[in-house]
Amino acid sequence: MTPLEYTIDNLPEGLTEGPQWLSDKRRQLRLSFNDKPLPRRGAHLWRYTDPGKFVPNSSATAPVTASPSLAQIESELFGLLEKKHLAAVVVDKCGQTATIRMSDELGKAGVVILPLEKAAQSHTPLVEPHLYQLINSEFGKFEALNGALWQSGVFVYIPDKTTISLPIHLVRDAGTAASQVFPRLLIVAGKNAEATIIDEYTGGPSDISSGAGMSHGAVELFAGADSRVRYLCLQRQAGGMNSYLTCRARIDSGAQMVTIPLALGANLSKQNFGVILNGKGADSRIFGLAFGSQYQQFDNHTLHHHAAGSTTSNIDFKVVLADKATSAYTGLIRIDHSAKGCQAYQENRNLLLNPGTRAETIPELEILNEDVSCTHGATVGPIDPMQVFYLQCRGIDYDTAERLIVAGFLEKTLQIVPGDLRERVSSLIRTRLEAM
Amino acid sequence: MAQEIDGQKHDLSRLNEDYASKYCFRDPVDYFKGAKGLDHEAVAMISKMKKEPVWMSDLRHEALDIFLSRPMPTWGNTELLKEIDFADIYYFMKSTDSTKGNWDDVPEYIKKTFDRLGIPDAEKNFLGGVSAQYESEVVYHSMKEDLTKQGIIFLDMDSGLKQYPEIVQKYFGSVIPSTDNKFAALNTSVWSGGSFIYVPPGVNVTVPLQAYFRINAENMGQFERTLIIADKGSRVHYIEGCTAPVYSTHSLHSAVVELVAMEGSYIRYTTIQNWARNIYNLVTKRATAHKNATVEWVDGNLGSRLTMKYPCIQLVGEGARGEILSVAFAGQDQHQDAGAKVIHAAPNTTSRITSKSISKDNGRASYRGMAKIHKNAVNSKISVECDALLIGEHARSDTYPTMEIDNDQVSVEHEARVSKVAEEQLFYLQSRGLTEDGARLLIVNGFMEPFTKELPLEYAVELNRLIQLEMEGSIG
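Protein chains in written order, with this note's numbering: chain H, 1 to 436; chain R, 1 to 476.
The shape of chain H in the complex, shown without the other chains (with noise of 0.2 Å):
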């Protein structure tokens, strides 16, 4: 069988365990992912990227052996939890059984974190009306397959007024070897809660030489009224993975959501983050990041759909890319028609650091009612020779001013990174770029 012909045959064992509504959805959208065609290269978003590098082979196992700076990590976060500086850890490696870590207050306060489909078994009330609303098989075929196989998913519902200052972190493993995982997310935050959500991909075979690894993920976030969600999603995967996932927000009246799209990691990375504003006075800010080098290819793309009136949306979007890397960038705004008084703001910013690089950016308006305000720019170019030249007056030589121009370029992302991980996440790129 060809690659292009994957079908899935049968659930795999254990993917059928948890209640009867939750496998009966699983073999409805294995027999959508069979019957629905493989995305048309060229057709809107898959016109920058080979839909044939996301399906799955059929020869792949799940992997087993957790990639080897996982520990080191595990030890880090659980530590950070001891010190009080997180509120919840969650370890998934290589999507078996994911180890939940939470702090007594957290317990106390109602907040639940469990494998998802426990969750679908003990908070059927809170799971069923959710999972698969925001992404199902209406969304494309891969999000079908996600939603067929997914294994170690994870819930977490912070209840009512409910708030946790903490972050939540979890991190999901793709192991070593040219595997597959399949990694989901639910999210459910109450009326009035509060709560930041760190959610790191991680692993992956560190190069494509032997078949390039897969993730396809899904994420699923509802926020409720008045409440406040800070969603940061760090895919620093090893450079044999192609990364595929869908994350969808939907938030109600008065929440503010804030998603950070952090792209450093994979091969291929091809990330889709909407928020659909629901309900009256929401607010949705993107901070996207996306920092490619060597062979990197990036396709991202971002959503703010408008759906109810007086909602204010915001992106910035940046990209930085040296070598031979390459991105796209795809952001839409859709304003409904019954959306009035609406403002909405969109970014794309993308420095390029080396000839050979490619930078492709698509920002799309789509509006249907006249009170509005709405506004994009995108902007491509290399570093400002003049800022080197002042920097290089200065006796700062050219390699470290054009690190010291980069560094500034992301500043203003990076300072909305919540804490411990800002340091982490700023020392990444560093070490990437003193490596050019």
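Accuracy of the hints is not assured; some may be wrong.
Calculated cross-link-like contacts (lysine-lysine; reagent style DSS-like; alpha-carbon spacing at most 25 Å) [said to hold, decoys possible]: (1) R/K381 to H/K324; (2) R/K82 to H/K36; (3) R/K232 to R/K51; (4) R/K375 to H/K324; (5) H/K340 to R/K420; (6) R/K372 to R/K182; (7) R/K82 to R/K182; (8) R/K420 to H/K280; (9) R/K420 to R/K291; (10) H/K324 to R/K149.
Source of the hints: derived by calculation from the structure; they are not laboratory data.
Dock chain R against chain H, hints included.
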């Protein structure tokens, strides 16, 4: 000021009254019509009627195969595109026997049509040549003597092919081959009429060259083909404008316009498109700019039911410059899917795209663009600016720009804004005694100004009036 605006309004209401007689008339005309529908037989008939050389006939048949084999576009307004019935269209019509060289020889009923469009007046004033297209073929053609003396060729495309077959063969389809898209293939297979212009090296055409187009029969497609070649160091400005009577069923207009700007030359191509509200206007326009050449598209889209038009400039020579200035007005039931494309394929090339759109009532205006910089096009610059104004709660505006940048020594900027007429601006003008209508009109005219000021005076006046007409009763 307020009085002046109200005076204009008064003037406008009269404009509205004679709109029907001015733009919606139809004269009884004896036509030669081919059969409806399109096949190799029909194409052979067109070619035979025109007594064309074999290579052109072959090109038509080849293009027809391409047209038939290509699917309809899967993007854009596919709902509207689906409604086109290619079998129900006349692909060739001829209303007079030969191309006329003198205004007096033009048949009376056709003259009447053009009189109402004001061609003779325009000519009297300062226009160089008139190439008036009535139905599928150019029936009237005049050329001022000084143009001929300078060696400028300004003919309809059919005559161009007869008189200068070697130039036509060299450039025809060189910028837009039949394989480019389905509608370019359609045009190549059934083209008829259009303009053919050649400007010799170093010649500056000081007056704009101008042609009027009209469609005047139901279910008739108009497939004109224009080719403009500006040789080294020459300058030319061509104006294309059109109005059409209102029809009861859909009509298709699918033109192809090719511009070749040789080293150091300058071409400006101005269009004011005001097709009737039932016409599909699916046009392919592209220019190739060689070393240090400049090409400017000035493109106004007011009419039609659906327009899909993305003027393109390929900057293939070092130092070439391109500019695209476009305005779209989408009123009731209209979809203006317009945009611009620039392809930078040489170093030190610059381009600027300015797009303005107004969506009113349930009209939809889309900007669809492409800005591409190839690997070798170092030190290139692109600046794109899109402004959209929404009037009425059912109006819709879309922006789909695409920027593909394959090298790092460039500067690319894109900006877009979508908003309604600002309350503060209205309030400011009203507090100075303008009526709300007057204030809104003033703001809309101001919004369009960067475009109107690029037009020759009589066009600017016409455009302002058309917009005023469109804007009437926009409150409530």
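To see whether the hints hold, each was checked on the structure:
no.: 1; hint: R/K381 to H/K324; verdict: holds, 21 Å
no.: 2; hint: R/K82 to H/K36; verdict: holds, 24 Å
no.: 3; hint: R/K232 to R/K51; verdict: violated, 32 Å
no.: 4; hint: R/K375 to H/K324; verdict: holds, 12 Å
no.: 5; hint: H/K340 to R/K420; verdict: holds, 11 Å
no.: 6; hint: R/K372 to R/K182; verdict: holds, 22 Å
no.: 7; hint: R/K82 to R/K182; verdict: holds, 14 Å
no.: 8; hint: R/K420 to H/K280; verdict: holds, 20 Å
no.: 9; hint: R/K420 to R/K291; verdict: violated, 42 Å
no.: 10; hint: H/K324 to R/K149; verdict: violated, 56 Å
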